[in-house]
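Student: Sequence:
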Amino acid sequence: MEQTLIAGKARVRFAPSPTGQVHVGNARTALFNWLFARQQGGVFILRIEDTDLERSEARYETQLIEDIQWLGLDWDEGPDVGGPYPPYRQSDKWQVYSDYAERLVAEGKAYRCFCKQEDLDRQREQAMAQHLQPNYPGTCRNLDAKEAERRRAAGEPSAIRLKIPEKPIRFHDIVRGWVEFSNEVVSDLIIVRSTGVPVYNYVVVVDDAEMRVTHVIRGDDHLSNTPKQVALYEALGWEVPEFAHLSTILGPDKERLSKRHGATSLANFREMGVLPEALMNYMALLGWAPTGGEREIFSPTELVQEFDLARVTPSPAVFDFEKLYWLNRHYIKEGAPERIAGLAEPFFARALGVELTADAKAWCAHVTAALGHSVNKLDELPERAGPVLKFDPAAALAAGENEEVLKAETTGKVLEAFAAKIAAEAEPVSAERFKAMIKEVQKEAGIKGPALFHPIRIMLTGAQSGPEFDKLVPLMEEGSRVLPGTIAGVKQRVKAFMEAWKG
RNA sequence: GGCGCUAUCGUCUAGGGGUUAGGACGUGAGAUUCUCAAUCUUAAAACCCGGGUUCGAUUCCCGGUAGCGCUACCA
Numbered sequence: 000m001e002q003t004l005i006a007g008k009a010r011v012r013f014a015p016s017p018t019g020q021v022h023v024g025n026a027r028t029a030l031f032n033w034l035f036a037r038q039q040g041g042v043f044i045l046r047i048e049d050t051d052l053e054r055s056e057a058r059y060e061t062q063l064i065e066d067i068q069w070l071g072l073d074w075d076e077g078p079d080v081g082g083p084y085p086p087y088r089q090s091d092k093w094q095v096y097s098d099y100a101e102r103l104v105a106e107g108k109a110y111r112c113f114c115k116q117e118d119l120d121r122q123r124e125q126a127m128a129q130h131l132q133p134n135y136p137g138t139c140r141n142l143d144a145k146e147a148e149r150r151r152a153a154g155e156p157s158a159i160r161l162k163i164p165e166k167p168i169r170f171h172d173i174v175r176g177w178v179e180f181s182n183e184v185v186s187d188l189i190i191v192r193s194t195g196v197p198v199y200n201y202v203v204v205v206d207d208a209e210m211r212v213t214h215v216i217r218g219d220d221h222l223s224n225t226p227k228q229v230a231l232y233e234a235l236g237w238e239v240p241e242f243a244h245l246s247t248i249l250g251p252d253k254e255r256l257s258k259r260h261g262a263t264s265l266a267n268f269r270e271m272g273v274l275p276e277a278l279m280n281y282m283a284l285l286g287w288a289p290t291g292g293e294r295e296i297f298s299p300t301e302l303v304q305e306f307d308l309a310r311v312t313p314s315p316a317v318f319d320f321e322k323l324y325w326l327n328r329h330y331i332k333e334g335a336p337e338r339i340a341g342l343a344e345p346f347f348a349r350a351l352g353v354e355l356t357a358d359a360k361a362w363c364a365h366v367t368a369a370l371g372h373s374v375n376k377l378d379e380l381p382e383r384a385g386p387v388l389k390f391d392p393a394a395a396l397a398a399g400e401n402e403e404v405l406k407a408e409t410t411g412k413v414l415e416a417f418a419a420k421i422a423a424e425a426e427p428v429s430a431e432r433f434k435a436m437i438k439e440v441q442k443e444a445g446i447k448g449p450a451l452f453h454p455i456r457i458m459l460t461g462a463q464s465g466p467e468f469d470k471l472v473p474l475m476e477e478g479s480r481v482l483p484g485t486i487a488g489v490k491q492r493v494k495a496f497m498e499a500w501k502g
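Just so you know, numbering that gives the first Met the number 0 puts the end of the first sequence at 502, numbered straight through with nothing missing.
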């Protein structure tokens with residue numbers, strides 16, 4: 000393999016295993032790789048790490064690709080688009096791994112190990128009991144090559160171990176600086192199991208080197224494994240790449256963020272109605288801040304320009320849903336109305352339990368435009384629009400929070416007067432007419448402020464607080480036209496409420 | 001147990017040998033509105049502890065503590 004690493008353009012990779020949904024931690028790793036590649040004019044590679052055959056499933060790979068694309072990332076090489084260094088999926092590459100391993104054995108940089116699992120376990124326990132580093136004691140390290148070959152030929156099972164050289168291992172990390180490990184604490188690791196299956200730490204090195212990866216950007220759970228990998232690069236005579244180990248994302252309890260903290264996969268966020276650009280913006284801010292640290296809002300394009308791997312913080316970060324929602328509100332407000340409405344549609348369809356006609360879709364778009372700006376995430380829209388979507392006079396009259404307003408002495412007068420006016424009104428009732436009628440009641444009955452508005456509000460929506468009538472009335476009228484039987488109109492509401500009120 | 005990484009408001013962070021330690025989310029107050037949400041204004045809120053180095057450390061060094069990770073014929 001030629002040495003064409005660092006001199007050429009940056010090549011980075013995101014290498015997830017297809018074992019389930021893409022988690023925010025991994026998504027953030029993917030994002031930082033992508034930002035780095037795009038800003039350097041480099042290459043972003045997607046590699047599927049499916050060596051863990053038991054846990055990997057093909058359908059997860061499709062899911063995974065969809066999820067990352069939803070976030071807004073694209074890649075130049077990958078299992079779906081190909082590239083100059085295939086395969087981009089690890090299965091069926093075992094021959095390559097085994098060839099390199101044999102080469103290491105032939106060169107004396109690795110050796111066959113015949114130790115039994117029970118012995119290794121025992122030695123490990125002993126070392127720990129004596130407060131020592133539980134390293135492989137080196138039993139087979141200096142076995143005579145001919146002797147080893149004889150035992151192998153005789154059918155004795157053996158694994159292949161890398162010989163860790165007797166010198167400290169240093170490597171450079173873009174976010175942490177130089178990191179050094181004493182060789183005393185790095186054990187001769189198995190690179191190929193006695194079953195012939197290569198081990199992860201070995202496989203990544205071969206894959207990264209074969210794909211000419213120049214910058215390994217990954218989670219910091221790999222930091223302690225890096226010296227082993229560096230030793231492998233060196234044994235194989237390959238140039239060691241730059242590393243960048245990203246800190247862990249924690250939950251509010253400072254534990255590693257996981258399902259138990261709620262929605263944490265890309266699919267979860269999408270289903271909640273979090274916009275991809277909001278999530279991208281938020282994830283970028285977890286561990287990175289621009290110079291000055293005062294700007295918070297970054298479009299994907301701006302992130303590509305401003306992002307700086309060297310400015311990434313090494314300390315772990317707690318995932319703050321509130322801040323994500325704040326950004327999401329911002330992007331819901333800023334987004335093209337047609338796009339936001341399109342994204343909101345499924346939430347209405349589900350809440351209403353009906354197929355949406357073209358007219359109904361247009362109506363949903365109006366609801367979204369009128370009420371969507373105050374919502375944290377799109378799935379809250381039906382609830383926000385509850386005053387329009389739902390109508391239940393009996394429940395409104397029974398609600399404890401309405402009690403005080405309903406039994407106020409002026410309430411009956413307001414209700415009667417307003418209902419009479421509405422009854423005489425032609426449909427549809429306009430927002431202007433509605434407001435004018437309230438004014439008239441105010442003048443005629445001499446009642447104003449909350450005593451006037453609250454009863455009318457309860458009559459119309461069932462609650463004494465909610466969005467402005469100017470917004471509600473047109474939506475109710477249009478809704479009753481395009482979704483008759485599902486959405487009640489203004490006159491219908493008033494009539495039904497008065498019947499319930501009297502009865 | 002060993003080794004590694006980390007440590008600024010509740011949270012995300014900026015900063016850095018002398019600063020009123022800056023911004024944002026959230027929280028409190030006010031404005032606005034019939035009301036809720038949103039919005040605007042405003043306030044409170046932080047350098048983990050102990051030693052050094054220094055005229056001076058939150059900043060540099062060492063130690064401690066805590067959190068996390070790795071320590072496998074897991075990935």
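Don't take every hint at face value.
Unchecked claim - Simulated restraints on C-beta separations:
1) GLU337 - ASP79: 24 to 34 Å
2) ASP252 - GLY291: 26 to 36 Å
3) GLY218 - GLY40: 20 to 30 Å
4) GLN116 - TYR84: 29 to 39 Å
5) HIS221 - THR356: 44 to 54 Å
6) LYS166 - HIS221: 35 to 45 Å
7) ARG151 - HIS221: 23 to 33 Å
8) HIS221 - GLU337: 41 to 51 Å
9) GLU301 - GLN125: 15 to 25 Å
10) ARG480 - TYR84: 51 to 61 Å
11) ARG255 - ALA397: 45 to 55 Å
12) ALA126 - GLU301: 50 to 60 Å
Claimed, not checked - Think about it this way: if two alpha-carbon atoms lie no more than 27 Å apart in a straight line, the pair counts; the simulated DSSO-like pairs of lysine-lysine are:
13) LYS501 - LYS447
14) LYS420 - LYS322
15) LYS470 - LYS447
16) LYS360 - LYS406
17) LYS490 - LYS434
18) LYS434 - LYS420
19) LYS447 - LYS420
20) LYS412 - LYS442
21) LYS412 - LYS434
22) LYS494 - LYS442
23) LYS406 - LYS494
24) LYS360 - LYS258
25) LYS332 - LYS360
26) LYS412 - LYS494
27) LYS501 - LYS438
28) LYS406 - LYS434
No lab work stands behind these hints: they were computed from the structure.
Treat the numbers as computed from the prediction; the structure is a model and nothing was measured.
All C-beta atoms in this analysis are idealised placements derived from N, C-alpha and C, irrespective of residue type, glycine included.
Student: Could you work out which of the previously given hints the structure breaks and list their numbers from low to high?
Tutor: Failing hints, ascending: 6, 9, 14, 16 and 24.
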